[in-house]
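Using the hints provided, position chain B relative to the given structure of chain A.
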Amino acid sequence: MAKGIYNWIDERLDITPMWRDVADHEVPEHVNPAHHFSAFVYCFGGLTFFITVIQILSGMFLTMYYVPDIINAYASVEFLQTKVAFGQIVRGMHHWGASLVIVMMFLHTLRVFFTGSYKAPREMNWVVGVLILFVMLGLGFTGYLLPWDNKAYFATKVGMQIADSVPVIGPYVKEFLQGGTIVGAQTLTRFFALHVFFLPAGLLALLGGHFFMIRKQGISGPL
Amino acid sequence: MAHGHNSKEKVVYVGDSRIRKRSEIATPPDYTSYPGKSEAFIPNFLLKEWMVGCVMLVGFLVLTISEPAPLGYPADPTNASFIPVPDWYFLFLYQLLKMPYASGDFVVLGVVGIPGVLFGALLLAPFLDRGKERRFYRRPIASSLMFLSLIGVIYLTVTSWMGYEDELKLTGTTPEHIVREEEARERALEGLPPKSNAAKGTVEVALVAPDDPAMESMKTATCLSCHGTDLKGQVGPSLRGIGDTLTQDDILGVIKNGKGNMPAMYDTAKSSGLSDEQITGIAAWLAKQKKAQ
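Protein chains in written order, with our numbering: chain A, 1 to 223; chain B, 1 to 293.
Check before you lean on any hint, since a few could be wrong.
[As the list claims (entries may be wrong)] Cross-link-like lysine to any residue pairs, in silico, SDA-like; alpha carbons within 20 Å at most:
# : chain 1 : residue 1 : chain 2 : residue 2
1 : B       : K37       : A       : A39
2 : A       : K83       : B       : N197
3 : A       : K157      : B       : D76
4 : B       : K132      : A       : S117
5 : B       : K48       : A       : A120
6 : B       : K132      : A       : A120
7 : A       : K119      : B       : G120
8 : B       : K98       : A       : G170
Just so you know, the hints here were simulated from the structure itself, not pulled from any lab data. Bear in mind the structure is a predicted one, so any value in this text is a computation, not a measurement.
So here's chain A without its partners, still in its complex pose (with noise of 0.2 Å):
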């Protein structure tokens, strides 16, 4: 049954080369963790995309409670921490998701600048890493306002001070990212929409980009 729609589907849109051109790709030795222990620096990057899968879900769960405006937002995620069942542990798993995911992309980050593999020809690929870095720092900064609690707002008002000491663009970015001249309820929906929908959008692009090069060059070879 199950083959038989495989089939039908194939016949018409020829899927099998797209799967089978991720599934049987050779992962050479010298990234083996079975094969060489010390391979297991090569895991980095794949955790990273585990973690960051982890993100999105639970992120997606989050929102079927969160609220976001500044009379509910804290309600509804206290609500979310006491009351909704494993509320405390799909909260918990996005708050230090966040974290861990830094640190694997640290980790990985580290790992291809000390076997050289950013070299040619996968300056590219390097590039598009370092933006995706820039994507989840943005995430990390615009989800730590969310929960609208002292710690988190006075944070972000730091945090707009210091972008509004950049000469020039501060005034304009602070007031872009405010939403107006105070930290207040269009901040909070602002970086609600930036930490939900743009910065996600972004980050799946560039990680699209980021696989599609990988698969394409390949791994970099043994040192």
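Then chain B, alone, in the frame of chain A:
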């Protein structure tokens, strides 16, 4: 399919004649040139990779279950004593801006110059380090710059965190998320239902009978210096809506005996010239302070 040689095909597509058929299928690079045991990604390698993922997931879930995500009290812009702290991965930038040559007159250097050079160099690393050599010990300049940056970032992060902890100790502050958690734990131990902090400071409770002489008495008895001139709370808690939780006698008891950080205020009230009736009047008026239904 679209390339249409199969006569048994049920659906026939009309190809776009402008697109030439690819002469060869792009094959992913193979590793036959590398000596050693390469294996297929699916299923051989992925099964092993999956185990690494599982080990990490277990560690991650243990962390999640043992340490609930922190949550403090609702944001209160009028709170002047809160010590701001960013998430840990921004601490190095935060600390950098406290350095003498990266703040004040030199803030441009701290906010654009140094981070710009660091992140710019990171972004453009492949174009700055263009040699063919990949081993890090044969690339002394690139490697030592990276090591230096790492040491700098770690130093700044640790300094920033230690500074924050010192500040907490100096001001005798406990971070709000810990206070809230302790409070919740104590309530749970006493068998009380969890209390919501959400309403705090977000919904304005109106004063009942604001023209009552009790307000004047409270000013005389210095109540307002802690509870705020509008009774919205300052050092002490807000008294608006206090009648919902305390009766007149309860309030009189608090005035006479104090509660928590609040000292017994009865003697102060007496010495500032209030009569017993006036003090009872304060308690009676406060007991009337109920949230409008």
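So, going through the hints one by one against the coordinates:
{"no.": "1", "hint": "B:K37 / A:A39", "verdict": "holds (14 Å)"}
{"no.": "2", "hint": "A:K83 / B:N197", "verdict": "holds (13 Å)"}
{"no.": "3", "hint": "A:K157 / B:D76", "verdict": "holds (12 Å)"}
{"no.": "4", "hint": "B:K132 / A:S117", "verdict": "holds (11 Å)"}
{"no.": "5", "hint": "B:K48 / A:A120", "verdict": "violated (30 Å)"}
{"no.": "6", "hint": "B:K132 / A:A120", "verdict": "holds (8 Å)"}
{"no.": "7", "hint": "A:K119 / B:G120", "verdict": "holds (17 Å)"}
{"no.": "8", "hint": "B:K98 / A:G170", "verdict": "holds (19 Å)"}
Consistency note: the structure conflicts with earlier hint 5 alone.
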